[in-house]
Structures are given as C-alpha cells and as structure tokens.
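Please construct the entire structure, taking both the sequences and the accompanying hints into account.
Just so you know, the protein sequences line up as chains A and B, in that order.
Per the working numbering, residue 1 is the first one in the first sequence, and the count goes up by one each step.
Per the working numbering, residue 1 is the first one in the second sequence, and the count goes up by one each step.
Derived from the structure by calculation, the hints contain no laboratory data.
You may find that some hints are simply not true.
[Claimed, not checked] Part of the chain B face toward chain A, derived, beta carbon under 7 Å: (1) Gly94; (2) Gly96; (3) Ala98.
[What the hints assert, rightly or not] Straight line, CA to CA, 27 Å or less: simulated DSS-like cross-link-like pairs of lysine-lysine: (4) B:Lys68 with B:Lys1; (5) B:Lys42 with A:Lys9; (6) B:Lys42 with A:Lys14; (7) A:Lys9 with B:Lys105.
All C-beta atoms, glycine included, are put in the ideal place defined by N, C-alpha and C.
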Amino acid sequence: NAGVTQTPKFQVLKTGQSMTLQCAQDMNHEYMSWYRQDPGMGLRLIHYSVGAGITDQGEVPNGYNVSRSTTEDFPLRLLSAAPSQTSVYFCASSYSQSAETQYFGPGTRLLVL
Amino acid sequence: KQEVTQIPAALSVPEGENLVLNCSFTDSAIYNLQWFRQDPGKGLTSLLLIQSSQREQTSGRLNASLDKSSGRSTLYIAASQPGDSATYLCAIWGGGGADGLTFGKGTHLIIQP
Chain A
1 NAGVTQTPKF
11 QVLKTGQSMT
21 LQCAQDMNHE
31 YMSWYRQDPG
41 MGLRLIHYSV
51 GAGITDQGEV
61 PNGYNVSRST
71 TEDFPLRLLS
81 AAPSQTSVYF
91 CASSYSQSAE
101 TQYFGPGTRL
111 LVL
Chain B
1 KQEVTQIPAA
11 LSVPEGENLV
21 LNCSFTDSAI
31 YNLQWFRQDP
41 GKGLTSLLLI
51 QSSQREQTSG
61 RLNASLDKSS
71 GRSTLYIAAS
81 QPGDSATYLC
91 AIWGGGGADG
101 LTFGKGTHLI
111 IQP
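This is the structure:
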C-alpha cells in the first residue's frame, strides 16, 4: 500500500490564481480530511468527508472547496489564492469517523505571492 | 471548544536519557488521543493511539498514558537516541465533525549525540 499520497509537494502561486491539491489513499478509508499547518497555530481542519459524495466544513473552510467523487480521492481546490493561504497542507484518512488511527500524507507546501 | 497544550515547547537532552513529553486538554469528553511524530519538512507519523477507555499504550521504547479526569497525557521515551529528534504532536479526537483532530503545537525534541 502507498498509504496517503499528495501532489504536488511544493507549489508557488500568484494572488488570484487557482489550483487543486491532490490527495489519494489506497486503504479503502471512508473518512478523509484536509488540514493546514501554520507556524504558531498548529494544524487546523479545513474540510472533511465521511464517504464518497459527502463533504462538510471544518474550522477554517473559507477560500477552499472540496469534492469526493470516489472513495480514493479527495482534492482540495483554491479558487482564488491569497497570501493568507500560504501554508503546508496535509491530507489525512482513517477507516471511519469513529475512534480510529488517522494516517497523514507527506504534505504540500504552498507559497502564494 | 477543546484546547490542547504541550509542554515543553522545546527540549534538548543527551543521548540515552529517559524523557517525558506532556500534553494537557481542557475537555475530558474525548474519544481518543493520538501521538504523532513530525520530521522537518515531512508529514505526520502516528506513534500511539489511546482510546478513551484505556490508560496506556506501549510501542517499543515509547509509552503513552492517558488520564481523562485530569485532562493529561504523557509520552515516555526510554533510552533516547539521536534518531528520536523530531517534533512530537499530541492530538485529541472528540468524535469527528467540524472539529476533526484538535492538535497541540508540539514539542520540538533534540537528542544530542
């Protein structure tokens, strides 16, 4: 198993550009989520999904969209990038929304100029 | 809203020492507590998961304890090695939803050879 994979590893955007951060898992996990990690802030939940076709907002959803058309994939879209979205983004998955071990991807480092 | 605090923020010790990392949380209504390790520029690696009904979990040289009534968890590392140098994160799973995992800001650990 590859576990949780994320692409790209690093991206530079200009303010106003759009992009999609890719996340995929091959563990047949139902629950997937996106976090951002900022210095001094810790990791914060952006969006999550409890299964294909079901998504919901986390603590900091503004400026981000998600969709979940398959169990394996959970892309995160930035529609109009802002410098405040400069961060490291992590995708995570677990078998269910119950008390399960969360598995994290390697992260995408995003710089918005 | 759950708050997670990790003390100390940074720790530097000589190789071979036994050490304890602390995590405290404000709401005892938790499902589980998970300890992660994060290496510089990398993702999060799950170390130990303690369910709310458990008191401790062990994996190799690592032992994690949980005291829900006092809102505290400790991660004990025995016979520390330079390879243990990393940031250690404590995270609470409160049952899913918009909170997801609530993370502490981490303890940055350096083991001196």
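Status of the hint placing Ala98 of chain B at chain A (closest C-beta pair under 7 Å):
holds (5 Å)
Are the Cα atoms of Lys42 of chain B and Lys14 of chain A separated by 27 Å or less?
holds (24 Å)
With the threshold set at 27 Å, check whether the alpha-carbon distance from Lys42 of chain B to Lys9 of chain A stays at or below it.
The given pair, whose Cα atoms are some 10 Å apart, holds under the 27 Å limit.
If you draw a straight line from the CA of Lys68 of chain B to the CA of Lys1 of chain B, is it 27 Å or shorter?
Distance ~16 Å between Lys68 of chain B and Lys1 of chain B Cα, so the pair holds.
Is the hint on Gly96 of chain B kept, meaning its closest Cβ partner in chain A is under 7 Å away?
Because about 4 Å separates Gly96 of chain B from the closest Cβ in chain A, which is inside the 7 Å limit, the hint holds.
A closest beta-carbon separation below 7 Å is what the hint needs, so does Gly94 of chain B meet it against chain A?
Given a least distance of 10 Å, the restraint on Gly94 of chain B is violated.
Verify the proposed pairing of Lys9 of chain A with Lys105 of chain B, using a straight-line Cα cut of 27 Å.
Since the Cα atoms of Lys9 of chain A and Lys105 of chain B sit roughly 23 Å apart, the hinted pair holds (cutoff 27 Å).
Violated hints amount to a single one, hint 1; each of the other numbered hints is respected by the structure.
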